[in-house]
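Visitor: Sequence:
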Amino acid sequence: MSYVDSGQVPEDGNTTSPIWVSDRQAEDRPTSRPAAPASTYAPIERASLRSLLDHPKYRHLRRRVLIAIGVGVIAGILLASWRLGVTAAIVAAIADTVLRARSNSSVPAWRRASVAERRTEVQLKRLERGGYRTLHARAIPGSEAQIDHLVVGPTGVYAVDSEKWDKRLPVRVQSHRKLFHGPFNQKPRLDEARWEAAQASELIGEMLGREVSIVPSLAIYGPAIPWKVLNVREVDVFDGSRVRKWITKRERSLTDVEIEKIYEAAEHVLPARYPET
Numbered sequence: 001m002s003y004v005d006s007g008q009v010p011e012d013g014n015t016t017s018p019i020w021v022s023d024r025q026a027e028d029r030p031t032s033r034p035a036a037p038a039s040t041y042a043p044i045e046r047a048s049l050r051s052l053l054d055h056p057k058y059r060h061l062r063r064r065v066l067i068a069i070g071v072g073v074i075a076g077i078l079l080a081s082w083r084l085g086v087t088a089a090i091v092a093a094i095a096d097t098v099l100r101a102r103s104n105s106s107v108p109a110w111r112r113a114s115v116a117e118r119r120t121e122v123q124l125k126r127l128e129r130g131g132y133r134t135l136h137a138r139a140i141p142g143s144e145a146q147i148d149h150l151v152v153g154p155t156g157v158y159a160v161d162s163e164k165w166d167k168r169l170p171v172r173v174q175s176h177r178k179l180f181h182g183p184f185n186q187k188p189r190l191d192e193a194r195w196e197a198a199q200a201s202e203l204i205g206e207m208l209g210r211e212v213s214i215v216p217s218l219a220i221y222g223p224a225i226p227w228k229v230l231n232v233r234e235v236d237v238f239d240g241s242r243v244r245k246w247i248t249k250r251e252r253s254l255t256d257v258e259i260e261k262i263y264e265a266a267e268h269v270l271p272a273r274y275p276e277t
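Residue numbers for the sequence shown follow UniProt numbering, so the first one is 1 and each next one is one higher.
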C-alpha cells in the first residue's frame, strides 16, 4: 500500500504523493547558570519547576499531579480521612501512568500501522484458530508498494489493503468499473491493489512452481459502504468490519500442508516493510 491522502485522487487523474514528515522534538540542552546566594536559591528552584511542568514535553506530569490532587481531595472529604485521601491520590497517579503507557508507543510514528491497519489486524488475529496465517505490511520488491495484510487459509489467499477515508464523503460506484469517494475517482487505488496482488501471486508462484491465486481487496473504514461486497475492477471492496466474513464465507480450497507452504513462500519473497531491529 502506498500512502495517499485518505485514498483521494482527483477524477482528472492528476496525482501527487504527499511526503509524510515525522514531527521531531528538539532535545532540551542543559544551560548553566551562576551560583545563587542561599537566600534566593529556593525561589529560583520553584520557578524552574513551574517552567518544567509548562514545557509541552512534560505537560502529562502536570496533568497527573492535578488528577492526583483532585482525587485525593475528593476522597479525603468523602471518606473523612486524609490518609485515605493520600492513598487515593497515589492510586490515581499510578492508574494515569498505566493508561498513558498503554496508549502511547515508543515506536517512531513512521513505523506504526495506521488506525485502519490495526483494526483489520485485530479482526484477522481471530482467524488463527481456524487455521489462517497472516503477514502484515509486506513490501513488493523493487517498488514502494506494500500489501497491508496477506492472509493464507483454508478458503484461499487474500491481499487486504486497509483504508481510512473521510466519513463525510459518500462512496459510490458506476457500472462496476469506477469507484468514487465523494468527487474523487479511486481508479488508481484499485489498480494499485490489483497490481500488488498480482505481483505477490507471481513471486509466490515462482518459488513454489505452481500457480497461486491471490484475491485483492480494499477494506474501507469511515464512510458508510452501501453494499456488502462489490467487485470493482477485479478488486473486492467492502466495509472494513466485514473482512473476516469476506474471507471465511468462501469454500475451502487449501489443505493445511498447502497453507503452510504458501505462507512460508510469501514470508520469503515478500520482505517485511519495517523489519525488526
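Keep in mind the hints are simulated off the structure, nothing from the lab. Using N, Cα and C, we set each Cβ at its ideal position, and we do this for glycine too. Incorrect hints may have been included.
To be verified - For lysine-lysine, the following DSSO-like pairs were computed, each having C-alpha atoms within a straight-line distance of at most 27 Å:
(1) Lys261 with Lys167
(2) Lys261 with Lys245
(3) Lys261 with Lys178
(4) Lys125 with Lys178
As the list claims (entries may be wrong) - Pairwise CB distance ranges (calculated):
(5) Lys245 with Arg62: 19 to 25 Å
(6) His268 with Arg168: 38 to 44 Å
(7) Trp227 with Leu78: 50 to 56 Å
Visitor: Return the numbers of the hints above that this structure violates; sort them in rising order.
Guide: Hints 1, 3, 4, 5 are the ones this structure does not satisfy, whereas the remaining hints hold.
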